[in-house]
Each structure stands twice: as structure tokens, then as C-alpha cells.
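So you can see what is in the structure, the chains are spelled out below.
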Amino acid sequence: MDIRLQTALLSAKASRKLLRRFGSGATAAPGLVAQYIDKDSLRKLAASYPNIILVSGTNGKTTTSRLISAILEKAGLAHIDNREGSNLTRGLITSLASYARLSGKPKEQTAIFEVDEAALPYVVSQINPKLIVLTNLFRDQLDRYGEVDTIRRLWLKSVENLDSATTLLLNADDPGIASLTKTRAKVVFFGLEDPKLNLEKLPHAADFINCTNCGSVLNYSQVYLSHLGAYRCSKCPLTRPNPQVSAGEIHLNDLKGANFLLLAKKRTITIESPLPGLYNLYNALAASTLGLQLGIAPTTIKTAIGQFKPAFGRTETFVSNSKKIFTSLVKNPTGFNEVIRTVFSGQDKKVVLIAINDLIADGRDVSWLWDVDFEPLAERAQKVFVSGLRAADMQLRLKYAGAASERFDDLEEAAEHLLAFAEKGETVYLFPTYTALIKLKAFFAQKGLTANFWED
Amino acid sequence: MQLTIGWLYPKQMSTYGDRGNILTLQKRCQWRNIGTRLIEIEPESRLESGKIDLYFFGGGQDQAQEVVAKDLKKFKKSALLEDAGKGAVFLSICGGYQLLGKYYQPFAGAEIEGIGILDVHTIAGKKRLIGNVAIESNPLLLRGKLIGFENHSGKTYLGKAVEPLGKIIIGGGNNGEDRTEGAWRKNIFGCYLHGPLLPKNPRFADLLIERALQYRWGDVGLTPLDDKEEIAAHESSFQRAKIQK
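Residue numbers (UniProt numbering), protein chains in the order written: chain A, 1 to 456; chain B, 1 to 245.
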């Protein structure tokens with residue numbers, strides 16, 4: 001191992017230890033330190049792992065990565081991941097550094113990394129991934145990421161540079177993803193095959209509604225969510241590719257989860273996923289596709305998904321003060337639409353707290369709230385609390401969707417009211433942006449329940 | 001009495017929550033028992049003049065904007081010029097604002113022609129202006145502040161035939177140089193304020209509604225509404241803008 005990298009590693013490990021001692025999650029700083037000392041840290045550290053799996057896309061990165069991790073674990077494949085670090089380059093380095101030994105190679109052969117959309121091109125240029133899973137592309141925090149076309153253009157370039165050692169797993173239902181095929185990499189498509197899920201109409205927040213090839217309007221015979229569905233260009237031959245791996249006979253069981261028939265090469269198996277909503281079904285399908293690609297037995301995949309525990313704040317339910325709190329991070333219109341669709345699919349009236357912050361990690365622009373369809377929530381919520389730095393914006397958005405709400409700018413005060421309002425044993429619903437989620441979880445944790453997120 | 005709203009390219013030019021402007025126009029009429037009709041104006045359809053009282057034209061992604069510029073010239077321009085001349089109201093934001101201007105000069109390639117009902121032109125800038133914006137409204141039009149969020153790289157410069165919509169208190173504005181934001185001539189308005197603009201700036205929303213109704217129905221006055229939530233969001237956004245600038 002070279003001296004520069006060793007120094008980088010030692011410094012990263014030392015800063016991680018130090019930060020941990022002071023109770024910080026230390027997800028980025030050690031990686032930044034290492035990168036400062038050796039700018040090739042990522043490439044050099046990643047070289048120890050012959051099998052690197054990358055997962056990127058606007059929604060579902062974390063859940064899909066965790067599902068893959070669970071499948072690998074069930075299959076007995078030792079691996080590392082970046083749940084300790086952030087999904088930016090420096091976070092990947094933080095994770096790699098924490099696993100690296102100063103002498104010799106690590107014992108694991110496989111690494112699975114969730115990668116931020118904007119960071120993906122650099123990460124791909126530095127390492128030679130065996131598999132890349134691309135889930136979807138939606139408008140997301142435009143002040144940070146820029147327009148969704150911009151991300152897609154960066155990805156187009158990035159996949160052009162891949163060679164045949166890499167396999168790309170693409171979502172056939174997303175026209176922005178399915179068209180990333182100008183590459184020497186092997187391409188495998190996954191998608192849904194279930195006509196009864198048709199939304200009939202593209203939601204307002206749909207992004208790729210024009211052909212990526214010629215710019216003409218896309219015609220949809222099926223719309224599953226946002227612009228995901230079965231599409232065909234109105235002018236040129238572009239059409240949704242047939243997926244090699246698909247999910248059919250889908251049953252969404254409200255918040256309890258979903259069942260589907262996984263179909264690949266004429267083999268089928270029913271998967272019972274504990275994750276609710278169609279958006280999570282896509283995550284389970286993507287993870288299953290990857291498992292099959294690695295030659296893992298379908299029964300192993302089935303067991304791993306069946307026993308899966310949701311990732312931090314992603315449709316997880318925890319208990320505080322004998323109230324069940326269903327939590328779902330919200331960060332962009334399509335994600336929020338799908339959470340609303342899932343939570344308000346039943347007829348019962350629900351108690352909700354929406355907490356909107358506008359710090360950098362949340363996105364400073366709250367305009368996106370107006371691209372969310374709040375009408376089902378307005379019709380079926382019993383009581384809505386709003387909070388966060390942009391509580392007043394949220395309250396105004398709800399007013400124009402036809403819902404009254406009660407506003408507490410302070411997050412903890414709002415959380416207290418949420419708990420006090422609910423009956424014992426009742427489930428309440430928490431929809432926070434990222435930094436609001438962290439603060440709220442800390443608040444609920446103080447009341448004695450969940451672990452800090454870097455330990456989850 | 002009814003207000004007919006024409007939404008130009010709702011699918012292509014609606015990236016930054018600008019649907020909120022449409023919702024605001026509709027609701028604020030509804031709450032006053034004024035009927036509304038929304039006509040979504042799509043690509044490849046010829047626009048007829050004389051039907052729309054209030055046009056809304058939002059912002060889109062760069063690629064969509066090129067497609068829209070061509071369609072605008074081919075299918076919409078003559079009707080829009082005619083309606084603009086007669087006094088229909090126009091609210092344009094970001095990409096829509098640029099396309100109501102004379103032209104957009106990208107870094108490379110030919111100018112993208114606008115329809116020229118606002119005397120402004122736009123030049124591609126190197127630095128993207130992103131952040132909260134607060135402006136002091138042009139006193140010839142309105143008193144008080146307007147609040148929004150900008151996200152644009154085009155730098156827009158005003159000609160002699162337009163007035164700025166306001167003066168920058170916080171943010172970049174038209175071009176990040178001359179401290180102006182937006183442009184306005186008679187009933188035609190353009191600016192870079194997302195947020196979206198109208199929900200949090202209800203007096204400006206009402207000004208547009210009133211002018212559009214007057215255009216169609218003659219002298220009308222609007223009954224006041226309870227704007228408690230609107231004012232709270234306006235004020236809290238201004239406080240966030242001051243902290244985050």
C-alpha cells in the first residue's frame with residue numbers, strides 16, 4: 001500500500017474515532033480528510049473489492065441498497081456498504097476507510113454503495129463497478145441538483161464510458177432511465193407487468209413526458225406512478241423495452257406491505273414484502289433483479305425481503321408514548337405523492353404531522369410543495385399539524401388544497417401535540433423533510449425508543 | 001362573471017411548482033363566487049385569439065424550452081400578439097418570461113426568438129442565480145414587497161418600453177447586476193419569482209385577477225378575503241430569506 005494512501009487512511013480513521021467520541025455521526029469528515037491527503041483515495045480503496053454494486057436514482061436508493069444488502073447477507077455473501085457514510089464521494093471514502101485494514105486486503109469481496117445522483121459520474125469514473133442499479137429520475141431539490149434533464153445528460157456520458165465488465169440494471173418503466181443504453185455494458189431491464197395498477201392519467205409532477213430520442217410526446221398505455229409506465233413515442237420507434245425481470249399480480253396491502261409475482265426466464269416466485277406502496281415495490285423488484293443477476297436463489301431473495309426491516313425514516317413505524325408513529329421521509333413531489341397515495345388508500349381518518357425545513361439537505365426551495373397532489377390528504381385527514389422552518393408555506397399549500405391545519409413552528413412542540421392528540425395505540429403519520437426527520441427522531445429517541453441513525 | 005385562464009404548455013413549462021399560481025387564481029375567484037375556466041394550451045395546437053383573459057406561462061427545463069419556442073412561433077404567436085394588444089393579462093415566470101421577451105442568446109448557437117411582447121432580452125450567464133428573493137414592488141404598480149425563489153442562469157436586461165416589477169432587497173433578480181427584478185408593461189408581467197409567486201403575494205394575485213376581469217367585463221371591484229395564512233407565509237419567507245442570504 002502506498003504511503004500517501006496510508007497517511008490518508010490513518011487520518012480518516014483518527015478523525016472518525018475523535019468525532020464518534022463527541023457523539024457525532026462522522027459520516028463525511030473522515031472521507032474529506034482522506035481525499036484531501038490523497039485525491040485518489042476512492043479509486044485506490046475501492047480497488048480492494050472485485051465486486052462493487054452501485055445504486056442510484058432519485059427515489060428508493062437507500063431502501064434498494066438495504067434490500068440488496070439483506071439479500072446478500074441471506075445468501076451468505078460477506079460485503080460492506082456505506083450506511084455509515086453519506087452517499088456522496090466523501091461518504092463512500094469514509095465507509096471504505098473504516099473497513100480498510102492498514103495491512104493487506106479486506107476479507108469481503110463485495111461492496112454495495114448507495115450513490116447520490118450528482119456524485120454517480122465521478123464515482124463510476126474512479127471505480128470499475130460490477131453492477132449498477134438505476135431506479136428512477138424525478139425532479140428533486142432543483143436548487144441542489146438542477147433540472148432532471150441535467151442529471152440524465154451526465155448519466156448518458158457516464159454509461160458511455162462503461163465497458164462489458166459492468167452490468168447495468170435499468171428500470172424499463174422510466175423513459176429517462178430505460179434510454180441509457182448507449183453503452184458497452186450489459187443491460188438488464190426490470191419493470192412492472194400489471195394492467196390493473198393503471199393510474200389512467202400522468203400526474204402533474206411527471207417529468208419525462210417527451211421522447212428522449214426525438215422530443216415528441218410519449219403515449220402511455222399504462223401509468224404506474226409519475227412518468228413510470230408502459231409508453232411508446234408518438235412519432236419515432238422508441239418504446240418501453242421488455243423487462244427480463246418483472247413484477248406481476250401485484251397486491252398492495254395498505255401499510256402492511258405488498259405481494260407480487262417475481263418473473264424471470266419463465267421462473268416465478270411470490271414475494272411478500274413488508275414495505276408498503278408501489279414505490280417500495282419497485283425497490284423490491286430492483287433488489288430482486290440484482291439478486292438473480294448474482295445467481296442467488298429466488299427462495300433466498302424471497303426470505304430476505306420477507307424479513308426486511310425498513311431503513312431510517314423510510315416508511316418505518318416506531319412506538320412512542322404508546323402511540324405508533326408511521327414515518328416517511330418526504331423530499332420531492334413524486335415521493336410525497338406516492339406516500340400520500342399509500343397512506344390514504346383506506347377510508348379511515350388519519351392524524352398527520354407534516355414538517356418542512358428548508359436547510360441545504362432539505363432543499364432551500366419549497367416551491368415543490370405545489371407540485372404535490374394533496375387533495376387525497378385534504379379529503380381524508382382527521383387532523384393535520386404543520387411544522388418546521390417552512391410551516392407557514394405548508395399551511396398555505398394545504399389551504400389551497402382545501403385542508404385546515406394547525407401550525408406549530410417549533411418541531412418539538414408540534415410533536416408533543418401530535419402525541420397528545422392521538423388515542424392510545426393509535427397510529428399517527430409523520431411526513432418530515434430530511435433535517436426535520438433527524439430532529440424529530442432525536443426528540444422521540446429522548447422519550448426512549450430508537451437508536452441514533454448511524455447505528456441502525 | 002367568469003375568468004378564463006389560459007395555461008401555456010402546462011406539461012413542458014411547469015418545473016418549479018408554478019402550478020401554485022394557477023391554483024391561487026382559481027381559488028381566489030372561487031372564494032368570491034367568480035367562476036373560472038382553465039384552458040390548457042398544449043403544443044401543436046393553433047391558438048385562437050380573444051378567448052383568454054389571463055395567460056400564465058411558467059418555467060421549464062432547457063430542452064423543453066427550445067421545443068416550446070418553436071411551437072410558440074408557429075402556432076401561438078399571432079393570437080398572443082393580438083390578445084396582448086387588446087389588453088389581456090399575462091403572467092410569465094422564468095422560461096416563460098424569457099420567451100415573452102425579444103430573444104434568448106445561448107452560449108453557443110443561434111438566438112432563440114421570443115414573441116417580443118415584453119421589451120427585454122436574455123443572455124446565457126455563467127453563474128446560476130439560486131436563492132430566496134425579496135423585492136420592493138414598483139410603486140407605480142403596487143405597494144410592499146414581493147417574495148419568491150429564483151433559479152436561473154439567463155441574465156435578462158430591460159429595454160426602454162418596460163418598467164421593472166420591483167427593486168431587489170435580497171437576491172439576484174433579472175441579471176444579478178442592476179438590482180432590478182421582473183418587467184412590466186400595461187397588463188403584461190414577467191419575472192423570475194418561483195415560490196410559487198402568487199400564493200404568498202396575494203395582493204399581486206388580486207391585481208392580476210382584477211385587471212383580467214376588467215379586460216373582459218368592464219369595471220369590477222374585488223371583495224377582500226381573509227389572507228391570514230398568505231400573509232404568514234409571506235412574512236416567514238421574508239425572514240428565511242434574510243437569514244439565508
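Some hints here could point you the wrong way.
To be verified - With the C-beta cut set under 7 angstroms, the calculated list includes, among others, these residues of chain A facing chain B:
1) E108
2) Q109
3) E249
4) Y400
As the list claims (entries may be wrong) - Simulated crosslink set (BS3-like; lysine-lysine; CA at most 25 angstroms straight-line):
5) A:K201 - B:K242
6) A:K399 - B:K167
7) B:K245 - A:K331
8) B:K102 - A:K383
9) B:K127 - A:K157
10) A:K399 - B:K126
11) A:K235 - B:K127
12) A:K331 - B:K74
13) A:K439 - B:K242
14) A:K383 - B:K228
15) B:K27 - B:K102
16) B:K126 - A:K157
17) B:K126 - A:K201
18) A:K235 - B:K27
19) A:K266 - A:K302
20) A:K235 - B:K73
21) A:K399 - B:K145
22) A:K235 - B:K74
23) B:K73 - A:K439
24) A:K331 - B:K102
What the hints contain is simulated information worked out from the structure, not anything from laboratory work.
Don't be surprised by glycine CBs; every beta carbon is placed ideally from N, CA and C.
Hint-by-hint comparison with the structure:
Interface restraint check: A:E108 against chain B, minimum CB-CB distance 41 angstroms, threshold 7 angstroms, status violated. The interface hint given for A:Q109 is broken, as the beta carbon of that residue sits about 41 angstroms from the closest beta carbon of chain B, more than 7 angstroms. For A:E249, the suggested interface contact is broken, since its CB lies about 32 angstroms from the closest CB of chain B, more than 7 angstroms. For A:Y400, the suggested interface contact is upheld, since its CB lies about 5 angstroms from the closest CB of chain B, less than 7 angstroms.
The straight-line distance between the Cα atoms of A:K201 and B:K242 is roughly 41 angstroms, outside the 25 angstroms bound, and the hint therefore fails. About 30 angstroms separates the Cα atoms of A:K399 and B:K167, which puts this hinted pair outside 25 angstroms; it is violated. For the given pair, B:K245 sits about 22 angstroms from A:K331 by alpha-carbon distance, which is consistent with the 25 angstroms threshold. With a CA separation close to 50 angstroms, the supplied pair B:K102 and A:K383 exceeds the 25 angstroms bound.
At roughly 23 angstroms between alpha-carbon atoms, B:K127 and A:K157 fall within 25 angstroms of each other, so this suggested pair holds. For the hint linking A:K399 to B:K126, the alpha-carbon distance of about 39 angstroms lies beyond 25 angstroms, and the restraint is violated. Only pairs whose Cα atoms come within 25 angstroms are accepted, and A:K235 paired with B:K127 is rejected, the gap being roughly 36 angstroms. For the proposed pair A:K331 and B:K74, the alpha carbon gap of about 38 angstroms is over 25 angstroms, so the pair is violated.
Under the criterion of a C-alpha separation no larger than 25 angstroms, the hint pairing A:K439 with B:K242 is consistent with the structure, at around 23 angstroms. As the CA atoms of A:K383 and B:K228 are separated by approximately 20 angstroms, the hinted pair is consistent with the 25 angstroms bound. Distance check on the hinted pair: B:K27 and B:K102 sit about 33 angstroms apart at the alpha-carbon level, beyond 25 angstroms; violated. Restraint check: the Cα-Cα separation between B:K126 and A:K157 comes to about 22 angstroms, which is no more than 25 angstroms; the hinted pair holds.
The suggested pairing of B:K126 with A:K201 is violated, with an alpha-carbon distance near 38 angstroms, which exceeds 25 angstroms. Restraint check for A:K235 and B:K27: not satisfied, since their Cα atoms lie roughly 38 angstroms apart, outside the 25 angstroms limit. Distance check on the hinted pair: A:K266 and A:K302 sit about 17 angstroms apart at the alpha-carbon level, within 25 angstroms; holds. Pair hint A:K235 plus B:K73 holds up; C-alpha atoms about 21 angstroms apart against a cutoff of 25 angstroms.
Pair hint A:K399 plus B:K145 holds up; C-alpha atoms about 22 angstroms apart against a cutoff of 25 angstroms. Proposed proximity of A:K235 and B:K74 is supported: the alpha carbons are some 19 angstroms apart, at most 25 angstroms. Restraint check: the Cα-Cα separation between B:K73 and A:K439 comes to about 51 angstroms, which exceeds 25 angstroms; the hinted pair is violated. Pair hint A:K331 plus B:K102 does not hold up; C-alpha atoms about 37 angstroms apart against a cutoff of 25 angstroms.
Comparing the model with each numbered hint stated earlier shows that hints 1, 2, 3, 5, 6, 8, 10, 11, 12, 15, 17, 18, 23, 24 do not hold.
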